[in-house]
Amino acid sequence: MISSDQLLKEMEQQVRLAKHAANEQTRREAVYAVRALCNVLLSDNASAINTPTIPVASFDSAPSTIKMISTLQEQPLREEDANGESLFDF
Numbered sequence: 001m002i003s004s005d006q007l008l009k010e011m012e013q014q015v016r017l018a019k020h021a022a023n024e025q026t027r028r029e030a031v032y033a034v035r036a037l038c039n040v041l042l043s044d045n046a047s048a049i050n051t052p053t054i055p056v057a058s059f060d061s062a063p064s065t066i067k068m069i070s071t072l073q074e075q076p077l078r079e080e081d082a083n084g085e086s087l088f089d090f
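Going by the working numbering, the first residue of the sequence shown is number 1, and it counts up by one from there.
The set of hints was computed from the structure by calculation and includes no laboratory data.
Everything numeric in this text was worked out from a predicted model, so none of it was measured.
Cβ atoms here follow ideal geometry from the backbone N, Cα and C, with glycine treated the same way.
Not one of these hints is a red herring.
Simulated restraints, written as ranges between beta carbons of each label pair:
1. Arg27 <-> Glu80: 42 to 52 Å
2. Ser4 <-> Glu24: 22 to 32 Å
3. Gln6 <-> Arg27: 15 to 25 Å
4. Lys9 <-> Ser43: 15 to 25 Å
5. Ala22 <-> Ser43: 28 to 38 Å
6. Leu42 <-> Gln13: 10 to 20 Å
7. Glu80 <-> Tyr32: 41 to 51 Å
8. Glu79 <-> Cys38: 47 to 57 Å
9. Glu24 <-> Ser3: 30 to 40 Å
Using the sequences provided together with the hints, build the complete structure.
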């Protein structure tokens, strides 16, 4: 059973994560987690939940950020049939 104290502690942890988030995506994920936990706590059968607690994964956005930066530094693809660098050149 998930107690309301466990839900509240998890909500506090997610709020802390949202406050200290490095980017908007991490903040939004933490806020959505808080909203989901609120819905569980406010549901009529919150005291009778028998499902196991699923630990919330910590999202580390640094590897994806590094990957995005490295792909931006690559040279654009050059094709022989292209007329120029514009998206509208066919």
